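A.B. asks: Sequence:
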Amino acid sequence: MKKLLILLLSAALIAAACSDSESHVPVTGAIDAGEATAAEEPAPTVEATAAPTVASGAEGEADEVADPEPAEDGEAICQSAEVAADGAQGEGLLPVDPDVKIGTLANGLTYYVRSNDSPGGALSLRLAVDAGSLNEPIQGAGYAHFLEHMLFNGTEKYPGNEITDALQSIGVEFGPDINAYTSYDETVYMLDLVIDEEEDSVATAFDVLAQWAHAATITPEDVEEERGIIRDEYRLREETGDGIVHQVFDEMYVRDTPYEARSPIGTVEVIEATTAEDLRDFYETWYVPSNMAVVAVGDLPIETLEDLVEEHFCDIEAGDAPNAPDSWSALNPVPTFDIATSPEQSYTYLSLDIRLPSWDPSTVAGDRELWTEEIISIMVGNRLQDGYEQGFLSQIDPTHWSAFSYTRGLRYYGTNLRAEDFSAALTDYWSLLLSLAEHGFAEADLQRAADTIRADLQSAVEAAPTIQDRQHAGRYASHFLGGGDIGALEDTAARVDALLEEIQIGDLTERYRDILDESGVILIAVGADPSDIPSVEEMQAALDAAEPGELPAQPTEATELLSAPEPVEPVSEGPIEALADEMDDAYEWVFANGARVAYAYSDIAENEISLRATSWGGWSALEEGDRPLAQYLATRAVVNSGLGDLSPSQISRYLDNHNAGVQPHIAETTEGFSGASDTAGVETMFQLMHLYITQPRVDEQAFAEAADIGDIILSLSQSDPDWQEALAFLEARHGEAFGWFNLAAPQERLDSLTAEDLLDIYRQRFGGVDDLEVIVVGDVDRDTVGQMARTYVGTLPARQADSYANRRAAEPEGIVRREVVLGPDNQATSVTYTFEAPLGVSPATQVATRVLNVIMDTRLVEDVREDLGDTYAASASIGQAITPEPRVTADVSASGDPEQMAGIEAEMGRIVAEVHAGEISAEEFEQARSVAGDDYELVANSDWIGVLSRRAYVGDDELPTPGRLIEELEALELADVQDLAALLFDPDQHIQIVRVLP
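Mapping to this note's numbering: the sequence shown position 439 is 439, numbers consecutive.
No lab work stands behind these hints, which were simulated from the structure alone.
Small disclaimer: the values here were computed from a predicted structure and weren't measured.
Each statement offered as a hint is correct.
Pair by pair, the computed Cβ-Cβ distance ranges are:
id: 1; residue 1: Ala902; residue 2: Ala975; range: 30 to 38 Å
id: 2; residue 1: Glu518; residue 2: Ala545; range: 18 to 26 Å
id: 3; residue 1: Ala365; residue 2: Val536; range: 35 to 43 Å
id: 4; residue 1: Gly963; residue 2: Gly574; range: 15 to 23 Å
id: 5; residue 1: Ala545; residue 2: Gly440; range: 21 to 29 Å
id: 6; residue 1: Gly955; residue 2: Gln390; range: 52 to 60 Å
Note that CB positions come from ideal geometry on N, CA and C, so glycine has one too.
Turn these sequences into a full structure, and let the hints steer you where they fit.
C.D. replies: This is the structure:
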């Protein structure tokens, strides 16, 4: 849990830190795409529900709801009943945080309301509908998902696209997967907005939500127009190499359960045949008050929020309460096997999953069972890591073991592994799991898991006062739909602490044995061709060959990461005057070794500290061809190795008690670190950064895994459309300089690569400091950061000063077009036009860029997606870069029906030409300003990290503080955006990358 939090925070910072890299580079995580086993739809994770009953918010509270008082003057319909004010619920149910009010309108609609001032001045709304593809009348219908689309095509009050106009007028951004999702079990609509009394944004948002709940028009004409969009979404999700592999996983996970053959997106046959009547029947059956909940969390009094719910929802007719489908199914004790292949699958791996029982997460008993399984998961994961480092396992990649929810009724333990000999690796892995069952867990295992959980919960408790509106809203929607813990975090921590004190190691061992006995393993071999992976018979034989043996030794625990160096005093220090008007405390220390530490106090998120460190150079300062080795392999090898004299498992064990993490990265013109910690973990975060500079190492095991990643990237470059498109762009953009930008190292370079090579590349960029800029933002006092700076930054070794080099070729003249020919499994054709223009970076150009981005997005969605009706994904992405030369770039892209791509391109070209010619209306401009304004009103720690980072590029008078951006947005004129569009969107000067069928 803790490590996931840190990694997520670090990943977000890395993404921001790497803004000087090409926008076309696939996300590095794509390398590990095979290790993701989450559901296809972008739904939040919901804990498993009890079988066979589902305890939604409304049903779970029924016994506690008082009958409403008789109303006067015919107002009974607006009266509501609510849970007890102290948060108590029925016997055996988890308590509810008293700061959230849960009620039920007379028509049966449940609501959750909470007053919350984080981030402040904002509101998060959710309409949770307890119906997904499981509720459909036939298998493969996809009605729930199709209906979700239709709700954006018009309601009684907002016909056609007026609903989109209404949302954008109050600053709500609209787009695929932004405002709604559909899963097997549920459909949820989401609105996050800034409270603007002048625009009456709150009333408009509640009005839209209410219209979705009961007033969708669902006309035959709209259904026909939307059909092509959904068909293209199916093409993108299912008719690709990844989609083919996903379908095998989905079939295996849901086999012999009520979810079988009920993929949320449906089948092509049913998508093509769906009628308005089909969707209307589904809507009127399941979109009834008793089956829905409204969630409102934001910076308004709780009484006001409750009044708004009643005002907008009390007049909806109750309708008939539907009978919920049963999601329960028995565990299958028999192992099951399958293979998943596609020519686009660029590397091989083996997926191993074990289904877990279903529990009711709303109950004290169910919550206890879920925490018990989490304790076991942590203990198993730790012992697997020990086995990996001590040679018990023969897989290539480090071990992973975790629990995940696939649907509301299906939960699993799972892992993936890469290996040269899959049969041996599987036998080794299963043997170690059997060894744990044979010997049982030790008290040391439980203590380590308890340390991890307690540290996580303590950190969460301290951060609770600044939980954001969206987080609360998501939890409450999940509570209504599938149950779960929405109590005060202090109560959760106390309850789990009591469990950790009383639970017996023998009981945990017996529970683990029961899981292995009662649930057969699910094994899926994944690769490009069946000849590359073990067959079903070979997997069965490898599993049968496993037998228990000895357990790996418990590693010696580290009591410290390093002895603290003697602090050094800065050569200068003082406040950052440019931020005095917007920050309570902004300060900087400058040291003799060339390093600087800039700090800004922020209580936007309590108990959360963010760090970014940046130095000039990056892979542009290395040798031609070193980019993939530096960006992907060297940092990976170092991170997966130990530091100094400590092994990876010793570091991991130390971090069990210290909520901190740091990740090094090497980009085009910079290298540096991203980090995150809680308040107590600040020193650990600084120590990790210090060690990554002073005592990095590359272990042979980590080198072998990194070298395998190099082979995978080379394979991706030859068969994966995302990587092929990125490479096609880089070749078209840089021509003879392509060698500097190539994402894949050639085979001969990989074959000769050594651990020393990767460590040498790493040390070339991290062997000391000359201009390192460390930025710290968060809930920590200045004195603490100052001490960390003196101890762990000022003491870093100095190195000879260097900087980045401009390896970029001149932009090619005219229109350059490249084709990526898709493989036989892929029907997802698309086109991307990339534009580029020199432009200095300033707060004024930053807001103009954002407004133009919104305008282009809106045009593409309305004119390409909605009007043509053959495109699911149509969007623009406009950004600015400062190094190695200031510029603005834009990607304009669309997917679509292969037979309609010529028309889609023609429409894209028309939009580009019109915007280039200045054909932007005042209404478009104002609507885009409204959306951009909401961006600048809602400030996170990452925004202040970005502000302070900009000081390395520009003077303090040009820092993009939130206040400065709002000022520039208010001063922005339509002509400014038109000038930017004229500069950027030259129809005769850009690069086109198209994905085509063979």
